[in-house]
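The chain contents come next:
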Amino acid sequence: MDEISDPSDWTGTRLPSLLMLDSSLRCRICKDFFKSPFMTECTHTFCSLCIRKCIASTPTSEAACCPICRAPVLEIRLRRNQVVEDLVEWFENGRAAIMTVAKEEPLIMNGPVASAATERTSSSETRGRKRRRDTVDSSTSLTPEPRDNGLRRTTRISSRKVSYEEKLDIGIENDDEADTCDPDEKSDVNSANAQRDSSFILLDDDDKAENLVPCPVCNVVMTPQEVQVHIDDCIKQQEAKEAQANQSALSKSNRPLRTLQSQPLHQVTRKPLQRLPKLQYDLFNDTKLRSKLAELGLPTNGSRTQLQQRHSEWVSLWNANIDSNNPKTKRELLRDLNDWESNVARYAVQKVSADDLAAWSKTHSNDFDALIARAKKDVHKKLDNGQNQGTSSSAESVVQTQQRQDSVPAEIKKIDSIDETSEGQMDYKRDFLADTLITPPPVSSDAIM
Amino acid sequence: MYKSQNSRTNTAVRRLMTEYKQLINEAPDGISAGPIDEDNFFEWECLIQGPEDTPFEGGVFPATLTFPKDYPLSPPTMKFTCDMFHPNVYKDGTVCISILHAPGDDPNMYESASERWSPIQSVEKILISVMSMLAEPNDESGANIDACKVWRNDRAEYNRIVKANVRKTLGL
Ligand SMILES: [Zn+2]
Ligand SMILES: [Zn+2]
Ligand SMILES: [Zn+2]
Numbered sequence: 001m002d003e004i005s006d007p008s009d010w011t012g013t014r015l016p017s018l019l020m021l022d023s024s025l026r027c028r029i030c031k032d033f034f035k036s037p038f039m040t041e042c043t044h045t046f047c048s049l050c051i052r053k054c055i056a057s058t059p060t061s062e063a064a065c066c067p068i069c070r071a072p073v074l075e076i077r078l079r080r081n082q083v084v085e086d087l088v089e090w091f092e093n094g095r096a097a098i099m100t101v102a103k104e105e106p107l108i109m110n111g112p113v114a115s116a117a118t119e120r121t122s123s124s125e126t127r128g129r130k131r132r133r134d135t136v137d138s139s140t141s142l143t144p145e146p147r148d149n150g151l152r153r154t155t156r157i158s159s160r161k162v163s164y165e166e167k168l169d170i171g172i173e174n175d176d177e178a179d180t181c182d183p184d185e186k187s188d189v190n191s192a193n194a195q196r197d198s199s200f201i202l203l204d205d206d207d208k209a210e211n212l213v214p215c216p217v218c219n220v221v222m223t224p225q226e227v228q229v230h231i232d233d234c235i236k237q238q239e240a241k242e243a244q245a246n247q248s249a250l251s252k253s254n255r256p257l258r259t260l261q262s263q264p265l266h267q268v269t270r271k272p273l274q275r276l277p278k279l280q281y282d283l284f285n286d287t288k289l290r291s292k293l294a295e296l297g298l299p300t301n302g303s304r305t306q307l308q309q310r311h312s313e314w315v316s317l318w319n320a321n322i323d324s325n326n327p328k329t330k331r332e333l334l335r336d337l338n339d340w341e342s343n344v345a346r347y348a349v350q351k352v353s354a355d356d357l358a359a360w361s362k363t364h365s366n367d368f369d370a371l372i373a374r375a376k377k378d379v380h381k382k383l384d385n386g387q388n389q390g391t392s393s394s395a396e397s398v399v400q401t402q403q404r405q406d407s408v409p410a411e412i413k414k415i416d417s418i419d420e421t422s423e424g425q426m427d428y429k430r431d432f433l434a435d436t437l438i439t440p441p442p443v444s445s446d447a448i449m
Numbered sequence: 450m451y452k453s454q455n456s457r458t459n460t461a462v463r464r465l466m467t468e469y470k471q472l473i474n475e476a477p478d479g480i481s482a483g484p485i486d487e488d489n490f491f492e493w494e495c496l497i498q499g500p501e502d503t504p505f506e507g508g509v510f511p512a513t514l515t516f517p518k519d520y521p522l523s524p525p526t527m528k529f530t531c532d533m534f535h536p537n538v539y540k541d542g543t544v545c546i547s548i549l550h551a552p553g554d555d556p557n558m559y560e561s562a563s564e565r566w567s568p569i570q571s572v573e574k575i576l577i578s579v580m581s582m583l584a585e586p587n588d589e590s591g592a593n594i595d596a597c598k599v600w601r602n603d604r605a606e607y608n609r610i611v612k613a614n615v616r617k618t619l620g621l
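Residue numbers (our numbering), protein chains in the order written: chain A, 1 to 449; chain B, 450 to 621.
In case anyone wonders, no lab produced these hints; they're calculated from the structure. Take these hints with a grain of salt, some might be off.
Derived, one-sided and incomplete: chain B residues facing chain A with beta-carbon distance under 7 Å [to be verified]:
{"no.": "1", "residue": "Arg-464"}
{"no.": "2", "residue": "Gln-471"}
{"no.": "3", "residue": "Asn-474"}
{"no.": "4", "residue": "Arg-565"}
{"no.": "5", "residue": "Ile-569"}
{"no.": "6", "residue": "Pro-586"}
One-sided excerpt, in silico: chain A residues whose CB lies under 7 Å from chain B [stated by the list, open to error]:
{"no.": "7", "residue": "Ser-8"}
{"no.": "8", "residue": "Lys-31"}
{"no.": "9", "residue": "Ile-68"}
{"no.": "10", "residue": "Cys-69"}
Bear in mind that the values here come from a model prediction, so they are computed numbers and not experimental data. We put the beta carbon where it would ideally sit given N, CA and C, even for glycine.
With the hints as constraints, model all of the structure from the sequences given.
Here it is as structure tokens:
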């Protein structure tokens with residue numbers, strides 16, 4: 001099962017505490033390790049593609065929100081989470097080796113070194129259990145803090161069986177309840193305060209100083225009214241800066257860790273990549289939309305819905321690809337789009353060859369049988385005890401009649417209509433598939449960010 | 450299995466496989482779920498144990514989960530395949546519960562957004578929600594009006610019908 005790894009792989013090994021580390025390095029949308037992690041304003045991190053697709057899939061009637069905390073999310077405010085990206089890379093590199101060690105028989109590791117290691121593990125485990133949230137999210141603070149919310153957390157966690165993802169949630173909830181709990185957040189606040197403090201010195205004579213707030217984007221301090229005027233321009237500037245930074249990051253590689261490990265650097269000189277803007281589809285008639293797709297080198301066949309969905313998917317794929325440290329070629333991206341169109345956009349029956357899963361389903365069917373057997377036994381016991389005497393056969397027949405008058409609920413109808421909207425194979429012309437590096441798309445004035 | 454060719458794009462299948470694996474590795478009490486056929490990860494069957502101290506106690510209720518191709522962006526649909534007399538279950542067995550409704554897709558218009566589907570929800574969370582739905586019907590979002598009425602006006606009769614269904618699911 002190397003193809004599907006998940007945090008529960010660590011349960012039952014000698015290093016069960018790695019489960020939480022493993023879990024916190026995964027995207028909550030795809031459950032895989034972060035790929036090009038990006039952080040929302042609410043400080044939740046997802047794969048670039050996952051969060052972009054999530055935002056794109058939000059119905060236009062709703063505001064896109066964070067899948068974890070449901071705070072509003074603006075795609076333009078997403079920020080790369082470089083530390084997480086590095087953590088994922090190095091954890092993934094070492095995972096198999098660590099797993100091998102973690103699964104070794106304890107007997108092999110009986111030397112003095114081993115016992116020291118075991119001791120360390122168990123003590124960190126205990127600490128992990130007490131101050132779990134701190135271990136998960138603050139890779140920086142090793143010094144135990146005097147205040148401890150561990151007790152409350154522990155009580156809440158043990159009140160019922162929860163998955164580790166829920167544990168992360170609980171940690172987050174707690175932070176919402178008490179802002180100062182999170183050491184990360186605390187340091188953020190501190191640095192914000194520090195910045196504000198320095199401005200206070202400059203503006204000390206000014207009585208208005210206390211009403212000043214930092215711009216959420218550039219942290220420059222000003223009055224709330226000024227922020228409102230300033231913020232739009234600031235975001236635009238920030239975007240431009242980021243685009244530049246991304247490009248220079250690609251060509252220079254700002255990752256000293258790699259050089260330390262004497263790994264080959266990605267020294268690819270590329271043409272600058274530019275983000276594709278989202279389109280306000282209402283402003284495009286079919287012809288304009290088709291020519292837009294043609295400009296991008298995309299197929300132009302299909303219904304209006306297909307055209308829109310294809311464009312929207314392409315924008316997500318494209319922009320997430322720009323975020324990647326190893327961007328794909330346009331040809332590969334087009335293949336991804338084609339896969340998406342034939343697998344996701346249409347309601348096709350999925351063919352999965354899953355030899356390894358045979359073992360799982362055997363276990364699984366045993367679970368089913370056991371569950372049924374146990375339930376039957378329970379009920380027999382109950383019946384023997386003389387409960388349930390009141391069951392009348394008339395009640396049963398009432399239910400049966402109702403069962404026959406089935407009405408199709410709305411959800412089912414909706415699925416059917418999805419089937420119908422997506423017909424027609426995409427037609428990928430050969431020249432689109434030329435295996436060239438991606439060239440910048442034309443920047444159009446009618447585009448809306 | 451599932452070499453790079455497919456895993457490149459099939460987020461839905463990969464995620465469903467991961468969920469399946471986790472459900473097996475850390476099976477939560479009272480629920481069990483997995484694909485009906487390993488060749489099609491978009492159709493699952495699941496079993497839910499009736500919660501204790503409710504008329505559903507002792508029962509094991511089979512249902513199917515049908516996942517959309519863009520899972521987890523959209524929620525699956527869940528349908529009981531046994532007799533289920535419950536205010537929030539349509540007469541054809543389809544479950545009507547907020548976690549299965551995407552934002553902007555709320556047939557009842559009053560469900561709180563925080564309870565609705567989000568891509569971080571999972572099969573496990575759905576089944577746990579359905580379990581607590583069995584224990585505590587939501588009077589406001591009635592899917593089966595008859596069940597709503599009986600549940601509201603004649604609890605003894607409601608309990609009796611439910612218990613009859615429990616016995617039926619067990620083949621008694
Ligand atoms: Zn992801
Ligand atoms: Zn969030
Ligand atoms: Zn600013």
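Interface hint outcome for B:Pro-586 [beta carbon to chain A under 7 Å]: Violated, about 16 Å.
Hint status (Cβ of A:Ile-68 to nearest Cβ of chain B, threshold 7 Å): Status holds, d = 6 Å.
Hinted contact B:Arg-464 with chain A - closest CB pair below 7 Å: holds (5 Å)
Hinted contact B:Asn-474 with chain A - closest CB pair below 7 Å: holds (4 Å)
Restraint satisfaction for B:Gln-471 [CB to CB of chain A, less than 7 Å]: holds (5 Å)
Status of the hint placing A:Cys-69 at chain B (closest C-beta pair under 7 Å): violated (9 Å)
Proposed interface contact between A:Ser-8 and chain B, which counts if any beta carbon pair is under 7 Å: Holds. Min distance 4 Å.
Agreement of hint A:Lys-31 with chain B interface, Cβ distance less than 7 Å: For A:Lys-31, the interface hint holds, since the closest Cβ of chain B sits about 5 Å away, which is under 7 Å.
Hint validity - B:Arg-565 Cβ closer than 7 Å to any chain A Cβ: violated (9 Å)
Cut-off 7 Å, beta-carbon criterion: hint that B:Ile-569 touches chain A: holds (4 Å)
Consistency with the previously given hints fails for numbers 4, 6, 10, ordered from lowest to highest.
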